[in-house]
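**Student:** Sequence:
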Amino acid sequence: MPLRSQFPSEQGESGEFERQEDAFRDRISSDGSTSYPATAGRYHLYVSLACPWAHRTLIVRKLLGLESAVGMTVVDPVRDEKGWAFRDGPGHSCDPVNGFSYLAEAYRATDPDFGGRVTVPVLWDTEGGRIVNNSEDDICRMFAEAFAGHGSRGADLFPEDRGSEHGELAAMIYENINNGVYRAGFATKQDAYESAVRRLFAALDVLDKRLGKSRFLLGAAPVEADWRLFCTLVRFDAVYFGHFKCNLRRIADYPNLSGYVKDLYQWPGIADDVNFDHIKRHYYMTHDEINPTGIVPLGPDLDLRSPRGREAMPAK
Numbered sequence: 663m664p665l666r667s668q669f670p671s672e673q674g675e676s677g678e679f680e681r682q683e684d685a686f687r688d689r690i691s692s693d694g695s696t697s698y699p700a701t702a703g704r705y706h707l708y709v710s711l712a713c714p715w716a717h718r719t720l721i722v723r724k725l726l727g728l729e730s731a732v733g734m735t736v737v738d739p740v741r742d743e744k745g746w747a748f749r750d751g752p753g754h755s756c757d758p759v760n761g762f763s764y765l766a767e768a769y770r771a772t773d774p775d776f777g778g779r780v781t782v783p784v785l786w787d788t789e790g791g792r793i794v795n796n797s798e799d800d801i802c803r804m805f806a807e808a809f810a811g812h813g814s815r816g817a818d819l820f821p822e823d824r825g826s827e828h829g830e831l832a833a834m835i836y837e838n839i840n841n842g843v844y845r846a847g848f849a850t851k852q853d854a855y856e857s858a859v860r861r862l863f864a865a866l867d868v869l870d871k872r873l874g875k876s877r878f879l880l881g882a883a884p885v886e887a888d889w890r891l892f893c894t895l896v897r898f899d900a901v902y903f904g905h906f907k908c909n910l911r912r913i914a915d916y917p918n919l920s921g922y923v924k925d926l927y928q929w930p931g932i933a934d935d936v937n938f939d940h941i942k943r944h945y946y947m948t949h950d951e952i953n954p955t956g957i958v959p960l961g962p963d964l965d966l967r968s969p970r971g972r973e974a975m976p977a978k
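Residues in the sequence shown are numbered from 663 upward in steps of one, following this note's numbering.
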């Protein structure tokens, strides 16, 4: 008998989770080619520390030193029937820009007829009073390109000389791992669940082997695909292993992925935005079809600050 779906409008007849498309895909430019110029202080990022998609935009913002150029507000990790909310609490706050109570208000202000699921991240235009973009892929790319002259730090997250390889790797990680854990967790039929889990662990096995030869996915320095992968791996043992039943192996059981996630976690500034309280409370208290009791587990006891042992890995 099929389970009840967490998001009925995104469930296929075969029991597979079919993620909705991002609704707002306007672009910010530095060359005047769009109606959204890359102006410091004009745009504001709405995120959840629980969400891996939003987390990646936070990481890119920090790596590029865009904290002063692009403001940021964190929503309450516990999403209720009205969606993501702005409330004062540990690690989250009310909305200082628009005074919204719920992120859904930003969606309705941009499109009064919007009928999809309200998601994070959201990049808001404070001058136009509307959402520019709610695609983490687009936002990360715009931070790296359109805002290139506004950051206080630098990082080559999209290396042009390996663009094709990087793009293929990122697509594989998205399909099988980033979205793969959700396809497993939100499956409502056994076959759909098993297919997603097998694809997930096959991809993890491939990457673990790859990381036995180089410190990061493309060599000696992390690129966007590394941070894309990190945002899922850092949540894996705490949430996806149990809550989403992705339990063939823990990341801690992988000889290379386990050290790799510690390596990235210990990268300057990254640990600041990894909030396991937000992560666990969001998944275990929000997904009531999966965890109807709302009980949040105490564990696991993760040690991401222990020696990582990967600094001497060769460049690929």
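It should be emphasised that the hints constitute simulated quantities derived from the structure, not laboratory data. Heads up, some of the hints might be wrong.
[As the list claims (entries may be wrong)] Listed below are the simulated DSSO-like cross-link pairs for lysine-lysine, each with C-alpha atoms no more than 27 angstroms apart in a straight line:
#, residue 1, residue 2
1, 724, 851
2, 724, 942
3, 851, 875
4, 907, 871
5, 942, 744
[Claimed, not checked] What follows is a list of derived Cβ distance ranges for each label pair:
#, residue 1, residue 2, range
6, 676, 931, 23 to 33 angstroms
7, 775, 952, 42 to 52 angstroms
8, 816, 852, 22 to 32 angstroms
9, 763, 790, 15 to 25 angstroms
10, 790, 883, 32 to 42 angstroms
Built from N, CA and C at the ideal position, the CB exists for glycine as well.
**Student:** Where does the structure disagree with the numbered hints, that is, which hint numbers, in rising order?
**Tutor:** 1, 3, 6, 7, 8
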